[in-house]
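K.L.:
The whole structure should be built from the sequences, with the hints applied where relevant.
2 protein chains.
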Amino acid sequence: MRSAVVHQLMWHQLFPAPEREGPTLQSQLRTHLVNAVLDGRVTPGTRLPSSRELADMLGISRNTVVLVYERLAEDGYLENRPRSGYYVTHRYASPAMEALPRDGDGAPAAAPGGTSAVQWQARMHGVAADAKWLEKPHDWQRYRYPFLYGQFDPTLFPIADWRECSRHALDVGAIRGWAPDAIDNDDNSLVDQLIRRVLPRRGIAAKRDEILMTVGAQQALFLLAELLIRPGTRVAVEDPGYMDARNIFLRRGAVLAGLPVDADGVVPDEAALRDCRYLYCTPSHQCPTGVTLTTERRLALLDWTRRCDGVLIEDDYDAETQYAGQPLPAIKAIDRDERVIYVGSLSKTLSPGLRIGYVVAPAAVIVQLRRLRRLMIRHPPANNQLAAALFIEHGHYDRLMHRMREALATRAATLCDAVRQHLGDMRFAAPPGGSALWGMLPGHVDTGQLRRTAMAHGILIESGEPFYLADAPPCNSLRLGFSSIPLERIEPGIRELARLVSPQGRVREIGLRGAA
Amino acid sequence: MRSAVVHQLMWHQLFPAPEREGPTLQSQLRTHLVNAVLDGRVTPGTRLPSSRELADMLGISRNTVVLVYERLAEDGYLENRPRSGYYVTHRYASPAMEALPRDGDGAPAAAPGGTSAVQWQARMHGVAADAKWLEKPHDWQRYRYPFLYGQFDPTLFPIADWRECSRHALDVGAIRGWAPDAIDNDDNSLVDQLIRRVLPRRGIAAKRDEILMTVGAQQALFLLAELLIRPGTRVAVEDPGYMDARNIFLRRGAVLAGLPVDADGVVPDEAALRDCRYLYCTPSHQCPTGVTLTTERRLALLDWTRRCDGVLIEDDYDAETQYAGQPLPAIKAIDRDERVIYVGSLSKTLSPGLRIGYVVAPAAVIVQLRRLRRLMIRHPPANNQLAAALFIEHGHYDRLMHRMREALATRAATLCDAVRQHLGDMRFAAPPGGSALWGMLPGHVDTGQLRRTAMAHGILIESGEPFYLADAPPCNSLRLGFSSIPLERIEPGIRELARLVSPQGRVREIGLRGAA
Chain W
1 MRSAVVHQLM
11 WHQLFPAPER
21 EGPTLQSQLR
31 THLVNAVLDG
41 RVTPGTRLPS
51 SRELADMLGI
61 SRNTVVLVYE
71 RLAEDGYLEN
81 RPRSGYYVTH
91 RYASPAMEAL
101 PRDGDGAPAA
111 APGGTSAVQW
121 QARMHGVAAD
131 AKWLEKPHDW
141 QRYRYPFLYG
151 QFDPTLFPIA
161 DWRECSRHAL
171 DVGAIRGWAP
181 DAIDNDDNSL
191 VDQLIRRVLP
201 RRGIAAKRDE
211 ILMTVGAQQA
221 LFLLAELLIR
231 PGTRVAVEDP
241 GYMDARNIFL
251 RRGAVLAGLP
261 VDADGVVPDE
271 AALRDCRYLY
281 CTPSHQCPTG
291 VTLTTERRLA
301 LLDWTRRCDG
311 VLIEDDYDAE
321 TQYAGQPLPA
331 IKAIDRDERV
341 IYVGSLSKTL
351 SPGLRIGYVV
361 APAAVIVQLR
371 RLRRLMIRHP
381 PANNQLAAAL
391 FIEHGHYDRL
401 MHRMREALAT
411 RAATLCDAVR
421 QHLGDMRFAA
431 PPGGSALWGM
441 LPGHVDTGQL
451 RRTAMAHGIL
461 IESGEPFYLA
471 DAPPCNSLRL
481 GFSSIPLERI
491 EPGIRELARL
501 VSPQGRVREI
511 GLRGAA
Chain V
1 MRSAVVHQLM
11 WHQLFPAPER
21 EGPTLQSQLR
31 THLVNAVLDG
41 RVTPGTRLPS
51 SRELADMLGI
61 SRNTVVLVYE
71 RLAEDGYLEN
81 RPRSGYYVTH
91 RYASPAMEAL
101 PRDGDGAPAA
111 APGGTSAVQW
121 QARMHGVAAD
131 AKWLEKPHDW
141 QRYRYPFLYG
151 QFDPTLFPIA
161 DWRECSRHAL
171 DVGAIRGWAP
181 DAIDNDDNSL
191 VDQLIRRVLP
201 RRGIAAKRDE
211 ILMTVGAQQA
221 LFLLAELLIR
231 PGTRVAVEDP
241 GYMDARNIFL
251 RRGAVLAGLP
261 VDADGVVPDE
271 AALRDCRYLY
281 CTPSHQCPTG
291 VTLTTERRLA
301 LLDWTRRCDG
311 VLIEDDYDAE
321 TQYAGQPLPA
331 IKAIDRDERV
341 IYVGSLSKTL
351 SPGLRIGYVV
361 APAAVIVQLR
371 RLRRLMIRHP
381 PANNQLAAAL
391 FIEHGHYDRL
401 MHRMREALAT
411 RAATLCDAVR
421 QHLGDMRFAA
431 PPGGSALWGM
441 LPGHVDTGQL
451 RRTAMAHGIL
461 IESGEPFYLA
471 DAPPCNSLRL
481 GFSSIPLERI
491 EPGIRELARL
501 VSPQGRVREI
511 GLRGAA
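These protein sequence lines are chains W and V, in that order. Under this note's numbering, the first residue of the first sequence is numbered 1, with each subsequent residue one higher. Under this note's numbering, the first residue of the second sequence is numbered 1, with each subsequent residue one higher.
Any given hint could be a false lead.
One copy or two, either will do: identical chains are not told apart, so a pair holds if it fits within one copy or between any two.
With a cut-off of at most 20 Å between alpha-carbon atoms, the simulated SDA-like pairs for lysine to any residue come out as follows [said to hold, decoys possible]:
| no. | residue 1 | residue 2 |
| --- | --- | --- |
| 1 | 207 | 87 |
| 2 | 136 | 488 |
| 3 | 207 | 336 |
| 4 | 136 | 227 |
| 5 | 207 | 39 |
| 6 | 207 | 118 |
| 7 | 132 | 374 |
| 8 | 136 | 188 |
| 9 | 207 | 416 |
| 10 | 132 | 183 |
| 11 | 132 | 227 |
| 12 | 132 | 409 |
| 13 | 132 | 185 |
| 14 | 207 | 120 |
| 15 | 132 | 163 |
| 16 | 132 | 46 |
If you're looking for bench data, these hints aren't it; they were derived computationally from the structure.
P.N.:
Right, here's the structure in full:
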C-alpha cells in the first residue's frame with residue numbers, strides 16, 4: 001500500500017491543473033480519469049480520492065467531481081462501493097494491451113539478411129510535382145489581415161440554427177436513418193431540398209435521379225474527370241482559371257486548351273476550342289477574376305456544344321453570393337440539349353469544413369457517377385446530409401444567404417474604397433458578387449514577392465500567378481478575398497499593404513529580415 | 001380581401017394535419033410556414049391567423065404556435081405588429097425567383113437545327129459492367145431476418161454517448177475549428193486518439209505524419225490504388241476475398257492473382273505470388289471466411305515482401321470484434337521494413353454511415369496520399385472527425401467495443417447452435433470474431449437461388465459467389481451476417497431458412513409465386 005502522501009502525489013500527477021479555456025471542467029476530468037484507466041496508470045481495484053479530497057486537490061467544485069464519478073460509474077469505469085467510495089473496475093482496464101504480443105523485444109525477429117528499403121518514390125504515381133496549388137497557411141486564423149479566398153467567417157456562421165438542425169439529426173429515428181451503410185444512396189431529404197429550394201433559384205428544374213451528392217465540389221470534379229476524361233482528351237479551361245480543376249483534369253491525362261477571359265467573361269475562342277470535347281467554366285463569378293459571363297457569351301458556348309458535340313461543365317460554386325442586381329440563371333437552366341453538367345456546393349455559404357457538394361447531370365451520367373462514387377467512398381457521411389437538409393427545410397439557408405449577401409456587399413464596397421484610397425494605381429472592377437477582388441498592380445510589382453513580404457507583416461493576400469495556365473503569366477495580378485476578414489480590418493489591412501508597395505511599383509522591404 | 005371562410009380554408013391547405021410520428025409539432029409547423037413564405041404561397045404583408053385560431057384549426061397546443069411564431073419573428077420571416085398580430089415580411093419572400101429569367105417560355109430559345117443528343121455511353125469510362133457487387137436491398141431494415149453483413153444494429157449504437165460528443169463538437173470554439181476549409185489537414189485530436197487508443201491495441205506505434213484520415217476504408221483503398229497501381233501491375237488477392245477491393249484494383253488496370261484460403265487463412269502460394277508487387281489481405285478475420293491468419297503465415301507473407309520487394313496492404317477492418325481469446329496483433333505491428341500499409345475503419349464499430357477510415361503508412365507515402373486526397377475531396381468532413389475524437393477520448397469507444405464484442409459473441413454462439421440444429425449438413429467453423437458465419441451447404445444447393453427465394457420469405461442471406469475471383473466458383477457457399485439481426489430473430493430465421501432447403505439439398509419452392 002502506498003502512503004497517503006504518495007497517494008496524493010499520484011493523483012496530482014494524474015490530474016494536471018484544469019484549464020479554464022477549452023472543454024468544460026467535467027469533460028477535462030472525465031478525460032483524465034478515463035485515460036488513466038485505459039492506459040493502465042491506475043489499476044483495477046484502486047480506490048479513488050473522495051469527491052471532497054479531489055475537489056480540494058484540484059480547486060474545483062465538489063459537485064463537478066461527484067457528477068463525473070457518477071457518470072463513470074454508470075459507464076462501468078468505476079464502481080461505487082457503499083460506505084467505501086469509488087473504485088476502478090476491471091472492465092476497461094487494459095488486459096488486451098497487456099496480452100498482445102508487443103512490438104518490442106517479445107515480437108518475432110525479422111528474418112536476417114534480405115532486408116531492403118522500399119523504393120517508394122519509384123512506385124508512386126502521385127500528383128505531378130509541378131502542380132500549382134494555392135498555398136494557404138494552416139494557421140491563417142491567427143493573421144491580422146487575412147485577405148484569403150474561400151475561407152470562413154465565424155461571425156457569419158449560423159451557430160444556433162446549425163445546432164438546432166444537428167440536434168434534430170441526433171434524434172433516435174434520425175440516427176436509424178443515417179447510421180447504416182447507405183451503400184450508394186444519398187439522403188433523399190437533402191436531394192429534395194436542393195430540388196425545391198436551391199436549384200430553382202438558379203433556374204434549374206432537376207429530378208432526383210439527376211442529382212448526386214459529393215464530398216464538396218472538389219469530388220464532383222474528380223468524379224467527372226474519372227468518368228469522362230481519358231489520356232489525350234482535349235479540355236478547354238479558363239485562363240486564368242481555377243487551378244484545382246486543371247490539376248484534376250491533368251491527372252487524368254487531359255490536354256488543356258486555355259481560353260482567355262475579358263470583361264464579358266471567358267472568350268469562346270474558336271481556335272482554342274478546336275477538337276475540345278469539354279469546356280470547364282465558372283460563369284457566375286469567374287474564378288479568379290469575378291467577372292459574370294454575359295448572356296451572349298453563354299448562348300455562344302451552348303452553340304459551341306451543339307455544333308461541335310461539346311459538353312460544358314458549369315462550376316456554379318458561389319452563385320448564391322450575388323449582391324449587385326439579380327443573378328443570371330445558370331447556363332444549365334437554358335440548356336435544351338443536356339449538354340451542360342452542373343456542379344454546386346454549400347461550401348461558400350454554409351461551411352467548407354462540412355464538404356457538401358453535388359452534381360446535376362443527365363440520369364445516365366448520374367448512374368455511372370454513382371457507381372464510381374460507390375467505388376471511391378461509398379457515400380458522403382449521411383448525418384451531415386440530414387442536418388443540411390433540415391437547415392434548408394427550416395428556412396435557415398435562405399436567411400443565411402440573405403445575411404451573407406448583405407455582409408459581402410458591405411465588405412466589397414469597403415474594400416473597393418480602401419483600394420481606391422490607398423492603392424490608387426491598382427486596376428480592378430468592383431465585383432458584382434462573390435467574395436474576392438481581382439486586380440492588377442502597376443507594371444512590375446511582383447505579387448508573389450509581395451505576398452511573402454505581406455505575410456511577414458500579418459497580411460495574407462493571394463498572388464494571381466497560380467491561376468494562369470500559360471507559361472509566362474503576368475507577375476502583377478492579385479486576388480484579395482474578403483469572406484474571412486472582419487469588416488473593420490479591411491481598410492487598415494489595405495493601408496498596411498499599400499505601405500509595402502513603393503510609388504515606383506516595387507515591393508518595399510520595410511525593416512524586415514528574411515522576408516522575400 | 002378574402003372572406004373569413006376562404007381565409008380559413010387557405011390556412012387549412014397550408015397546414016396539413018400534423019403527423020404524430022416524426023419531427024416535433026414545432027418543427028413541422030415551422031417547416032410548413034417557411035415553405036409557404038419561400039414558395040410564395042403566402043405573400044408579404046399577409047396576416048397570419050392568431051395563435052389561438054391556428055391552434056384550434058390544427059388541434060395543437062396554443063403554446064406550440066406561439067413559440068413557432070416568436071422564433072420566426074426573430075428569424076425575420078414574420079413581423080409582430082403590436083395589437084394586430086404576425087405578418088409575413090418582405091425579407092424572404094421570393095422576389096429572386098420571380099426576377100430570374102425563367103426556364104419556361106421567357107428563356108432564350110435554343111438555336112434551331114444542329115441539336116443532337118450526346119452519346120453519353122461512348123464518352124463514359126464507368127465501372128466495368130461485369131464488376132461484382134454485393135446487392136443489398138436498400139430497405140433491408142424492413143426484412144424480418146436480415147442476415148446481412150456490415151450493417152448496423154440500432155440497439156448497439158451508443159446514442160447518448162454520440163449525442164454528448166456531437167454536442168461538444170457544436171461548441172462555438174469547436175465550430176471555429178471545423179467549419180473552415182482544412183485544405184489537406186486532418187483533425188489532429190482524432191489522429192492523436194488513434195495513436196494513443198486505437199492503434200496500440202493492434203500493436204501499432206504510429207506517428208502523426210504516418211496517418212491519413214479517409215472517407216471510410218473504401219477511400220483508403222481507392223487512394224492507395226490510385227497512387228501505387230498502374231495498368232499491368234500484378235496484385236495478389238485472397239480468393240474468395242473482398243470484391244470491392246478487387247473492383248478498385250481492376251479499375252486501375254491491375255492484373256489480379258488469386259491466392260487460395262484455407263483454415264489457416266490466405267495461402268502464400270509462391271506460384272501465384274510470382275511477379276506480384278502488392279498483396280491485399282484481411283488477416284484478422286478473413287473476408288468472407290472469417291478465418292484468422294496464423295502467425296506462421298503472417299511471417300511467411302512478411303518474408304515474401306522482403307524477398308520479392310513486395311508490399312502488403314493489410315485491411316484490418318474489423319479487428320476490434322475478436323471475442324474468442326485475444327486478437328493477434330496486426331501484421332503492421334511485426335513489420336520491421338515498412339513493407340506493410342495498414343487500413344483501418346470505425347465503420348464496423350461506431351457506424352458505417354459516418355464514413356471514418358484511415359491509412360497508416362510510411363510518411364513518404366502519406367505525403368503523396370494526402371496530395372491525392374486534396375485533389376479528390378480536400379479532406380473528410382471535419383465536424384465528424386472531431387466528434388469521433390471526443391468519442392474515443394471520453395472512453396465511449398472502449399465501452400462500445402466491450403459491449404459489441406459481448407453482443408457479437410452471444411449472437412455467434414446462438415447462430416452456430418441454430419445452424420447445427422436446423423441446417424445440420426452445412427459445413428462451417430465457429431467464428432473467432434467478426435460478425436458473419438461463412439459456410440458451405442451440401443453438394444448442389446445453389447445459394448444464389450436460395451438467396452432470392454429466402455428474400456421473398458423475409459430472410460436476407462448472402463450468396464458466397466461474388467466473393468470468388470475464379471471463373472467457376474462453388475455455387476453452395478453462403479455468408480450469414482449477424483451485426484444487424486436481433487438475437488431473438490436468429491434461431492427462428494435459420495429455422496425458416498432451413499425449410500427452404502430440401503433434404504436433397506435443393507432449394508424448395510414453398511407455395512411462392514414468381515420467386516427464383
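K.L.:
Now look at each hint and say whether the structure bears it out.
P.N.:
For each hint, the structure was consulted:
1. Within a single copy, residue 207 and residue 87 get their C-alpha atoms no closer than 59 Å, and across copies no closer than 34 Å, so neither meets the 20 Å cut-off.
2. Taking the shortest alpha-carbon separations for residue 136 and residue 488, neither the intra-copy value of 22 Å nor the inter-copy value of 55 Å comes in at or below 20 Å.
3. In this assembly of identical chains, residue 207 and residue 336 lie within 20 Å of each other by CA distance solely inside one copy; the values are 15 Å within and 54 Å between copies.
4. Taking the shortest Cα distances, residue 136 and residue 227 never come within 20 Å of each other, neither inside one copy (30 Å) nor across copies (24 Å).
5. Taking the shortest alpha-carbon separations for residue 207 and residue 39, only the inter-copy value of 18 Å comes in at or below 20 Å, while the best intra-copy value is 53 Å.
6. Proximity of residue 207 and residue 118 under a CA criterion of 20 Å is satisfied inter-copy only: 19 Å between copies versus 50 Å inside one chain copy.
7. Taking CA atoms no more than 20 Å apart as the test, residue 132 paired with residue 374 passes between copies only; the shortest distance there is 13 Å, against 29 Å inside one copy.
8. Only between protomers do residue 136 and residue 188 lie at most 20 Å apart by alpha-carbon distance; the minimum there is 18 Å, versus 35 Å within a single protomer.
9. For the homomeric pair residue 207 and residue 416, neither the shortest alpha-carbon distance inside one copy (41 Å) nor that between copies (47 Å) is at most 20 Å.
10. Taking identical chains as interchangeable, the C-alpha atoms of residue 132 and residue 183 lie at most 20 Å apart only when they sit on different chains, with a minimum of 14 Å there against 34 Å within one chain.
11. Within a single copy, residue 132 and residue 227 get their C-alpha atoms only as close as 23 Å, which misses the 20 Å cut-off; across copies the closest is 19 Å, which meets it.
12. Taking CA atoms no more than 20 Å apart as the test, residue 132 paired with residue 409 passes in neither setting, with 30 Å inside one copy and 52 Å between copies.
13. In this homomeric assembly, residue 132 and residue 185 come within 20 Å of each other (Cα to Cα) only across copies, at 18 Å, whereas the closest approach inside a single copy is 34 Å.
14. Taking the shortest alpha-carbon separations for residue 207 and residue 120, only the inter-copy value of 18 Å comes in at or below 20 Å, while the best intra-copy value is 46 Å.
15. With identical chains, the CA atoms of residue 132 and residue 163 are never at most 20 Å apart, being 37 Å at best within one copy and 41 Å at best between copies.
16. Taking identical chains as interchangeable, the C-alpha atoms of residue 132 and residue 46 are never at most 20 Å apart, the minima being 57 Å within one chain and 54 Å between chains.
Consistency with the previously given hints fails for numbers 1, 2, 4, 9, 12, 15, 16, ordered from lowest to highest.
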